[in-house]
Structures are given as C-alpha cells and as structure tokens.
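**Q** From just these sequences and the hints, can you work out the full model?
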Amino acid sequence: MSQFIDIGALTDIPQRGARIVRTHGGDIAVFRTAADAVFAIDEYLGDKAGPFSNGIQHGNSVTDPIRNWIIDLTTGETVGTEDDVIPTYDVKVEDGRIMLAASAIRAKVAA
Amino acid sequence: MTKKLVIIGAGMASGRALEELFKLDPNAYDVTLFNAEPRGNYNRIMLSPVLSGDKAFEEIITHTAEWYEENGVTCRFGEKVVSIDRARKVVVAENGDEVAYDKLMFGTGSNPFIIPLPGHDLDGVIAYRDLEDTNAMIDLGNKKDAKAVVIGGGLLGLEAAAGLALRGVDVTVVHIMGHLMERQLDEAAGYLLKKALIDKGITVLCNANSKEILGEDGKVKALALGDGTELPCDLLVMAVGIRPNVKLAQDAGLMVGKGIHVDDQMITSDENIVAVGECVEHDGAIFGLVAPLYDQAKVLAKTLVGQEDKFVQKEISTKLKVTGCDLFSAGDFAEAEGREDIVFRDPARGVYKRLVLENNKIIGAVMYGDTADSNWFFGMMKDGEDIAEMRDTLIFGPAFQGGAPVDPMAAVAALPDDAEICGCNGISKGDIVAAINAGADTLDAVKSTTKAATSCGTCAGLVGQVLGLTLGDDFKMPEKETICKCSDLSHDEVRKLIIAKELKSIPQAMQELDWGTSCGCHVCRPALNYYMVCAWPAEYVDDGKSRFINERVHANIQKDGTYSVVPRMLGGITTPDELRAIADVSDKFNIPTVKVTGGQRIDLLGVKKEDLPAVWYDLGQAGMISGQAYSKGLRTVKTCVGTDHCRFGTQDSTGLGIKIESEMWGAWSPHKFKIAVSGCPRNCAEATCKDLGVICVDSGYQIHVGGAAGMDVRETDLLCQVATEEEAIEVSNAFYQLYREGAQYLHRPYKWIAKVGLDWVKEQIADLENRKALCERFRFSQETYQVDPWAERAKKGVDAHEFEPLADFTKVAAE
Ligand code: SRM
Ligand SMILES: Cc1cc2nc3c(=O)[nH]c(=O)nc-3n(C[C@H](O)[C@H](O)[C@H](O)COP(=O)(O)OP(=O)(O)OC[C@H]3O[C@@H](n4cnc5c(N)ncnc54)[C@H](O)[C@@H]3O)c2cc1C
Ligand code: SF4
Ligand code: FES
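So the sequences go chain by chain: A and B. The first sequence begins at 0 in numbering that gives the first Met the number 0 and counts up by one. The second sequence begins at 0 in numbering that gives the first Met the number 0 and counts up by one.
Because the hints were derived from the structure by calculation, they are not lab data. Every value quoted in this text rests on a predicted model; they were computed, and no experiment measured them. You may find that some hints are simply not true.
As the list claims (entries may be wrong) - List of simulated lysine-lysine pairs, DSS-like, C-alpha gap at most 30 Å:
1) B:K810 x A:K107
2) B:K309 x B:K2
3) B:K558 x B:K594
4) B:K671 x A:K47
5) B:K79 x B:K301
6) B:K795 x B:K544
7) B:K246 x B:K3
8) B:K795 x B:K503
9) B:K671 x B:K754
10) B:K210 x B:K257
11) B:K309 x B:K88
12) B:K500 x B:K771
13) B:K143 x B:K199
14) B:K544 x A:K107
15) B:K102 x B:K79
16) B:K484 x A:K47
17) B:K210 x B:K246
18) A:K47 x B:K558
19) B:K544 x B:K794
20) B:K607 x B:K594
21) B:K594 x B:K795
22) B:K794 x B:K587
23) A:K91 x B:K544
24) B:K594 x A:K47
25) B:K810 x B:K607
26) B:K607 x A:K107
27) B:K313 x B:K246
28) B:K794 x B:K810
29) B:K558 x A:K107
30) B:K544 x A:K47
31) A:K91 x B:K810
32) B:K607 x A:K47
33) A:K47 x B:K810
Stated by the list, open to error - The calculated label-pair distances, taken between Cβ atoms and stated as ranges, are:
34) A:A101 x B:G425: 32 to 42 Å
35) A:G45 x B:G796: 28 to 38 Å
36) B:G396 x A:A33: 50 to 60 Å
37) A:G25 x B:S517: 26 to 36 Å
38) A:I4 x B:S517: 29 to 39 Å
39) A:A33 x B:I572: 41 to 51 Å
40) B:G396 x A:G25: 52 to 62 Å
Ideal Cβ placement from N, Cα and C applies to all residues, glycine included.
**A** This is the structure we're talking about:
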C-alpha cells in the first residue's frame, strides 16, 4: 500500500484551478477539475513545457500557457503524441482533503 | 511661291509634326511658329526631373535656336495669337501684327484646370504645366522652412509633391478621392503608393475637400479644408486636371466639342486648318499623354504634303514614374460582373500586381513596385490573347510560362521533406506528411499531433496545402471559421445568440448553443468570457479560469515562469516619488530587469509569482495601479509634450491623453487597444499607427482609428474631427464601445473595420445620438470594470490561491 500525505483541503483549490506543491526536486502542479476530480503532474517538463498550473483547464486537460500544448491530465500525455509525457502522481480526495502519494515527493527528490 | 504654314503653339505635338514634315519635304512650307511661352519647344514630360534637380532645363530642350534657323522657321516666341480671320486667312498676334497663312496648325495644348475656390487668384497659387511653374517650386525649395500644399493626388500633383519634398519643402497632398491616382490605380496600389510617399516625408490627405484658399496681403497663406483643418502654405499647387485649350478655335468659329474636332487626317471643320495634340478631339476622345500625339503628328505631316494616312486610336497604357515609385496601369480594372481578378502581393517587397480577366482575356492590369512584366501583359491585352492555358501561373510573368500549365501547388510540392513549414515549432514538411499518413486528415488533427500552426498561426495556409497535396481531393479546407472546434458556430453567431437568448454564464451558453465538448477549450472559453463581460457588465461574474494566465494574475508570464509588472503611467507622465517607489521595489524584491517600454512606461521584469502581491502593494502605496500591459483591454495612452512645452503644439496633448486614459483604463476588449495623442501633425506620439490616435490641430482634434504596428503595420484612417476636448473624449469612448460590442475576440480594430467597413463605423459615430448612447454604455460598463486588480489582490487577498503554494515540502528537511 502506498502512503499518502495530506496536502490541503479540496476547497483550497477553486474548481478548474490549480496550485503548486513545492518539493526539493521541483514543483508539482495539483489540479481540481470542474467535476472535482484531482490530478497531480510535474509543473514543468524540463524546459520544454510548463508551468502547467498556469494553463487554462478544460475537461480533464490543461493547455500549456506558453506553447499551447494540450496535456491530458489523466495520463500526462500531450494530446496526439506519445513522445512527450509529463510525469503524473497518484492523488485522491478523502473526506474533503487532498491526499498526494508520498512517493511523489520521494520520486521528485530522487530525480 | 512656297506656301505659308502658321503654327499656334510650340509644344510637344506641333514640334513632332514639324520634324515629320521636314523629313517628308523640307521645302514645302514657309513656317511661322507662335508660342505663348517665351521659348521654343522642350520636353514637357521632363519638367519633373528638372523640378527634382536631376536635370537642368537646357538638357530638356528638344529644338534649339539653331534647329529653327536651319529649318527656316520664323520664331515668334513669347507672342500669343489672339484671333484668326478665316475669311482673310490671317492670324492676329498680341501686338496687332497680322500674319497670313495658306495652312494653319493648332497646337495649343491644354490649360490646367483651376478650381474656382475663393482665393484661387492669390499670388502663390500655381498650376504645374510649364517652366514658370517649375521655377516657382524650385525657388520655394531655396526658402527656409517652406511649406507647400498640392491639391490633386493624380500623376501631376504627385510629381509636384515628390519634387518639392526632394527640395526640402514640407508638402501636403490634398486629394478628394479615397485613394491616390484613382483613375490609373486600384485601391491596393493606391495604398502602396501612399505609403511610399509618406516614407518620403509627404503628408497625404485623402477624402479631403478643399474649401477656401486663405491669403494675406494678396499672397497665399493656407488652404482651408471642408472639415475645418487649415494647412498653412507658402505655395499652393493646383494639379486637378487639364482642359483642351480651345478658346481661340471656338472664337474663330471652328467646330469644337471637348476639343477641336478633327477627322482621321487631323483636319478641322475648316479644310485649311489642322490641329494636333492635347487640344484636339478625335472620334469623341481627347488625349493627355504623348504617345498618341506622336501618331497624330505623323499623320498630320502627311496630310500637309498631300499624302494619304489615317490616325487610329490605340489602347494606351501608363507606365508612370512618380519620382521613385514604379507603377503601371492599363485597360479597365473596375470590378464588374463576369470579371475575375488575379492578384499577387508581396508585402515584404511592397509589390502588388493585379490582372483583370474577362472571357479568359486580360482586359486590365495594375502593377506597383515591380513592373518588369508589364509589357508582356500589355502585349497580351492588346492582342486579346486567350490566357486560359496559363491562368494559374500567369501572374508570375513570362519567365514562369513553360509548355504545360503548372500545378498551383507546385511550389509546395517542390519543397524537400526537410523544408521547415512551421518556424515557431520547428516542424518540417516531412513531419507533417508523416502525421497525415498516420491518420491526421484535418488541419486540427495535424495541429494537435505535430504542433504545427499552433503558435503564431501564419503557417496554417501552408500546412493546409501540404494536407491538400498529400490527401488530394479528400481534403477540403474548412469553409466557415467557427469559434473553435468545440462548436459549429462562428464568433458572430455566438455573440448574437448570447444577446438574443440572454445567456449569462459559460456553462449556460455551452448548453444552449450545443457545444460539442463538455466544457470547451482554451480557445472558446476566453472568447465566451469576453462576450459575456461585454454584454452583461453589471450582472456577469467574470470567470478568471477562462482567462489566459496573464489576465488571470494581472501580469505577463515570462518564458521562465516569472512575471513582469508594468504600472500605469497616465499619458506617460511620472513623478520622482513614483520613480523612487519603482527603484525601491526593484531593490527589495531583487527584480533583475527594469526596462523602459515602447509604450512610455516602465516594465519590471523577472518578478517571482509569489512576490507579485507584495510588489503591487508597495507600488500601490506610492499611488500606482496596474498598467494592464497583459490585457486584451486598454493598454497605454501615449502622448507628446504638446502646448506645455513644444513650440509646434496646438493643443494640450498630454492633458488630453491623461483625461482619456483616466476614463478608459480597466476596460476589457476583444484585443488590446492602444491610444496616442499628438499635439500637432508632426505626430511625435505616433498616433497614426494606434488603434485610436488623436492628432491635435489648430481647429480641434482629428480622431484616427484602425492603426497597428504589430504583425501587420497599418496606418489609421480619419474617423472624424471635433472641436473640443469633451467631444474628443466622447468619440474615443464611443468608438471603443462600438469595437467592444462588435468585433470578434482577438481581432484588433483594423481587422474589425475591414469587416464592417470604415463608412459604417463613421456613420455610427457621426450620428450624435448613437455616439452618446455608445458612450453611456461604455461608462456604465466602466462602473464595474474600472477597479485596480492589483489593489484587490494586494490588499483584499482576491485569488490568493494563485500566488501561494498549496504545500511546501522544501521547508521540511529532505529525507
Ligand atoms: C514591454 C513591451 C516591449 C518593450 O519592452 O517595450 C511589450 C512586450 C510584449 N508584447 Fe508588445 N510590448 C510592448 C509594446 C508593443 C508595441 C509598441 C507600442 O505599443 O507602441 C507593439 C506594436 C504596436 C501594436 O500593438 O500595434 C507591440 C506589439 C505586440 C504584439 C503584436 C500585436 C498585433 O496585433 O500584431 C503582440 C502579440 C499579441 O498581442 O498578440 C505583443 C505581445 C507582447 C507580450 C505581451 C508577449 C506576451 O503575450 O507575453 C510581451 C510581454 C513582455 C513581458 O513579459 O513583459 N506585442 N508591443 C512593450 C510594452 C508597452 C507598454 O508599456 O505596455
Ligand atoms: C509636368 C508634366 C509631366 C508630364 N509627364 C508625362 C508623362 O510622363 N508621360 C506622358 O505621356 N505625358 C506627360 N505629360 C503630358 C505631356 O507633356 C502632354 O501630353 C504634351 O506636352 C502635350 O503636347 P501639346 O503639344 O499638345 O501641348 P503643349 O506641350 O502643352 O504645348 C502647347 C503650347 O501651346 C502654347 N499656346 C497655347 N495657346 C497659345 C496661343 N494662343 N498662342 C501661342 N501659343 C499658345 C502653350 O504656351 C504651349 O507651349 C506631362 C505633362 C506635364 C506638365
Ligand atoms: S507632435 Fe507636434 S506638438 Fe507634439 S511634441 Fe511633436 S512637434 Fe511638438
Ligand atoms: S510559423 Fe507555425 S505557428 Fe508560427
């Protein structure tokens, strides 16, 4: 069983909004969709794309603000190509709290 | 005894006729040549190079004193013929001398037409026809700070203006029509010509109506226009056309219509009198260029020696040389049913070519900037050649015509696979073809699989061609421009439906308008949000999540994820206190770059996102508010120093700019909106390339609209002129509101004006009641939107989540 860390209340992120989780290995962007689903992906793809938390959300996707790439938040894939995949992390909502997989933070720091 | 030939007028036509005559029979006549000008024949066309300083008058004399003497011509230069007694066959000179003739030749040319405006007889009002006029212009160039106005934007007027400008005179051309040389050029070529003249420092006013010439002590002082503008000048050149000079012939009882009637042998209604040149009318036509006059001269010489010949009118073309600009026009280029156009433009080189076709034949041609192929086109036009075979490549000229017709997509087909199609994203033709072969069969599919055409978008056409080429007939470019792929509706349709169905939220609109996707995309959401902001100012709740990041956090995102901050500086005016606060903030937050912008204010670049509210707070303490340098909304109002300091200023341009900016900041619009106010037509604030520009003049304020200086560079058009500051502000508000209500999202005003037409816009603003209503709607909207977004975020914590991390594990020691 993987471990999860409480990173805040669901209501700390507005619907179709996003916020950052800072780690020693770089930022993770946490999204809340219009349907209250929650996703976590890396804020940047190296210096190729990002900062994704600044993009416009639609459905389960976000549009990269600088390059207009469309990223599928469920898989981290850029729509239509398999080449560029943004790392995603397990995240869930329990009793109104957002729970991020502890492995996410370890993975980032190790990377 | 040798017969006597008397000639009235030593012009280009009669001169040529004499040469032809002496070639046929040097001894047939005893010639007497009268000329009103105190000199013999010269090449009138070359007066322009004399004016511009490229040639001396001596170089353009065609017949010297020696020539006349060798040919036994009795010269009576500087003497006018005042009447003719046909019964006695004598002409009467000014001094009363009578000279008898056997044959009489009219070569009296044309008179420049002088519009009988009040003041047209003042000293310093001239035409452009002879050496005297030319010398008057040359003399003006020797005066310091001289100003001239040229009425008439036709060939002659522009030659005069170009020559004067080269001589250092400050010239304004006043043209009554919408574009220059409207008889030879179409609008597009006229526009390029205007641009070229402006580059030479000439001011060009089209659609301008001259009302009165103002004078002082009998000398010209200024030209007053119908709209009240006064153009000061030391010389006024009227070049509005010519009229055949027929007075003398009429008095003598010859048949005269527009010109002196002649038959195919150039004989008038009196068998002993012939005529040649601009003074004649042949078969209903009169003439204004030399080519046909030379044909007439040849026929006339034969007639005089009793040989048979016949003057035939030919199709003529004009290859013009308005000093330094290449233009060509021939035939009929008006738009009409059954006619088609082939147009080629190369904006980078300033080239425009247009062929007008009817029944597969060229019937008209206009060229600007590159006239190399004009003769080839003109030849085909005269011969009525069928061009069906080479239609697709015709416009590229003879060098391009092989045997078989070339495929219009040949250029793209010929590109190698590694040729770059999308520069922004580094996508080659091969990448696109590969994507298409892998199943991307629409423009959108290619965009999302390859990223081509997703940045600046200028390559979309090429991408479309690659699609067409690869898929053949299976691919059709989308016809209607829908708002985005989420909907089948166009922008205009969506806007209309939002009002008609009173749609007041984005989800409601998507539901009612049958959106194809669940919650839209990054293209339609910002557009819908704007349309609602504009339609329902007091009711709609702005949806920040539907805005691009810059508008959401009220700063410009940088490529490294930091932001830039531009405080507003009304009218470009700042104070030591503001500058101190900017300096302090820069120190305090380690802001790496402080830059003066092109919009007359200061940009703080490289601010960390989480620092933004604190930076704004400090700036706010010093009285500064957001400059909205990130918004599709009002950006800057640039001003010049105006009457407060400048010796040329006519109004308080700085003050007016500040008033306009104070009233208009904070508003959202389809695209960004820039304003400038210049204190006089020298236009130091560059108002004529702004979305709205005010040029102050003595009599008030000219409001210009539809300029831009981004990817397209556009000069503004005059919207109207008003007398007071209040009206200038009202018109600015009203125009902005009209644009806000009508334009499609992401269209700058010039694009919108191109769609709805400048005339329509003018009508809306000219209707005072409508203008007021627009202005009121704008002010009402401002009650909601004129709030400083920085203060709201810095002091009231609006959208705080944007600027703070949700959790921060860097404060916890790394495991
Ligand atoms: C800061 C400034 C450059 C400077 O250092 O001087 C600037 C910077 C940017 N311009 Fe500009 N423009 C600046 C004056 C201009 C001007 C000159 C002017 O306004 O007098 C123009 C040409 C005039 C015009 O707009 O017609 C100009 C034409 C553009 C365009 C092309 C617009 C077009 O219609 O083609 C863009 C792209 C766009 O808006 O879509 C653009 C976009 C941008 C953006 C906002 C790019 C972006 O979307 O992130 C740049 C933001 C940089 C940053 O991070 O701060 N900028 N930009 C100028 C800010 C003026 C100000 O005080 O607000
Ligand atoms: C500045 C300028 C540039 C031009 N550029 C071009 C060009 O690029 N291409 C082109 O094809 N055409 C051009 N033209 C037009 C061209 O010059 C005329 O078509 C041509 O000169 C007409 O010739 P003409 O002999 O009929 O008349 P003119 O050359 O005008 O000669 C008529 C002469 O008759 C004299 N006269 C009139 N009445 C009397 C009288 N009662 N007694 C005695 N003498 C009299 C006048 O003083 C005048 O000298 C230009 C004209 C001007 C002014
Ligand atoms: S536009 Fe005219 S008034 Fe303004 S600074 Fe320039 S010259 Fe002076
Ligand atoms: S060149 Fe393709 S998007 Fe700019």
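**Q** Hint by hint, say whether it matches the structure.
**A** Each hint tested on the structure:
The hinted pair formed by K810 of chain B and K107 of chain A meets the criterion: a straight-line CA distance of about 15 Å does not exceed 30 Å. Using a Cα cut-off of 30 Å, the hinted pair K309 of chain B and K2 of chain B holds, with the two alpha carbons roughly 23 Å apart. Between K558 of chain B and K594 of chain B the alpha-carbon distance is near 17 Å, which keeps this suggested pair within the 30 Å criterion. Between the alpha carbons of K671 of chain B and K47 of chain A the distance comes to roughly 28 Å, so the proposed pair stays at or under 30 Å and holds.
For the suggested pair K79 of chain B and K301 of chain B, the alpha carbons sit about 27 Å apart, so the restraint of at most 30 Å is met. Taking the CA atoms of K795 of chain B and K544 of chain B, the gap is near 19 Å; set against the 30 Å cutoff, the hint holds. Restraint check: the Cα-Cα separation between K246 of chain B and K3 of chain B comes to about 23 Å, which is no more than 30 Å; the hinted pair holds. Pair hint K795 of chain B plus K503 of chain B holds up; C-alpha atoms about 26 Å apart against a cutoff of 30 Å.
A distance of roughly 18 Å separates the Cα atoms of K671 of chain B and K754 of chain B; the hinted pair therefore holds under the 30 Å criterion. About 27 Å separates the Cα atoms of K210 of chain B and K257 of chain B, which keeps this hinted pair within 30 Å; it holds. For the suggested pair K309 of chain B and K88 of chain B, the alpha carbons sit about 26 Å apart, so the restraint of at most 30 Å is met. Taking the CA atoms of K500 of chain B and K771 of chain B, the gap is about 26 Å. The hint holds against a cut of 30 Å.
With a CA separation close to 19 Å, the supplied pair K143 of chain B and K199 of chain B stays within the 30 Å bound. About 28 Å separates the Cα atoms of K544 of chain B and K107 of chain A, which keeps this hinted pair within 30 Å; it holds. A C-alpha spacing of about 18 Å is found between K102 of chain B and K79 of chain B, which places the hinted pair at or below 30 Å, so the restraint holds. A threshold of 30 Å between alpha carbons decides the hint, and for K484 of chain B with K47 of chain A the separation of about 26 Å falls inside it, so the pair holds.
Of the pairs offered as hints, the one joining K210 of chain B and K246 of chain B holds, with about 28 Å between alpha carbons and a cut-off of 30 Å not exceeded. Taking the CA atoms of K47 of chain A and K558 of chain B, the gap is near 10 Å; set against the 30 Å cutoff, the hint holds. The straight-line distance between the Cα atoms of K544 of chain B and K794 of chain B is roughly 21 Å, inside the 30 Å bound, and the hint therefore holds. Only pairs whose Cα atoms come within 30 Å are accepted, and K607 of chain B paired with K594 of chain B is accepted, the gap being roughly 17 Å.
Between the alpha carbons of K594 of chain B and K795 of chain B the distance comes to roughly 29 Å, so the proposed pair stays at or under 30 Å and holds. Using a Cα cut-off of 30 Å, the hinted pair K794 of chain B and K587 of chain B holds, with the two alpha carbons roughly 19 Å apart. Taken as a hint, the K91 of chain A and K544 of chain B pair is honoured in the structure, with Cα atoms around 22 Å apart against an allowance of 30 Å. Using a Cα cut-off of 30 Å, the hinted pair K594 of chain B and K47 of chain A holds, with the two alpha carbons roughly 27 Å apart.
Annotation: proposed proximity of K810 of chain B to K607 of chain B holds, straight-line Cα distance about 18 Å (limit 30 Å). Between K607 of chain B and K107 of chain A, the direct Cα distance comes to roughly 22 Å. Compliance with the 30 Å bound is thereby established for this hinted pair. Restraint check for K313 of chain B and K246 of chain B: the C-alpha separation of about 27 Å stays at or below 30 Å, so the hint holds. Of the supplied pair hints, the one linking K794 of chain B and K810 of chain B holds, its CA atoms being roughly 26 Å apart against a limit of 30 Å.
Using a Cα cut-off of 30 Å, the hinted pair K558 of chain B and K107 of chain A holds, with the two alpha carbons roughly 22 Å apart. Restraint check: the Cα-Cα separation between K544 of chain B and K47 of chain A comes to about 24 Å, which is no more than 30 Å; the hinted pair holds. As the CA atoms of K91 of chain A and K810 of chain B are separated by approximately 23 Å, the hinted pair is consistent with the 30 Å bound. Taken as a hint, the K607 of chain B and K47 of chain A pair is honoured in the structure, with Cα atoms around 20 Å apart against an allowance of 30 Å.
Between the alpha carbons of K47 of chain A and K810 of chain B the distance comes to roughly 27 Å, so the proposed pair stays at or under 30 Å and holds. For A101 of chain A and G425 of chain B, the hinted distance range of 32 to 42 Å is satisfied, since their beta carbons lie about 39 Å from each other. Range check, G45 of chain A to G796 of chain B: about 34 Å between beta-carbon atoms, so the 28 to 38 Å window is met. Range check, G396 of chain B to A33 of chain A: Cβ separation about 58 Å, and the 50 to 60 Å hint holds.
Separation of G25 of chain A from S517 of chain B is about 31 Å and conforms to the stated range, judged on CB atoms against 26 to 36 Å. About 31 Å separates the C-beta atoms of I4 of chain A and S517 of chain B, a value consistent with the hinted range of 29 to 39 Å. Checked against the given bound of 41 to 51 Å, the beta carbons of A33 of chain A and I572 of chain B, roughly 45 Å apart, stay inside it. Distance hint check: the CB atoms of G396 of chain B and G25 of chain A are about 58 Å apart, consistent with the given range 52 to 62 Å.
Checked against the numbered hints above, the structure violates none of them.
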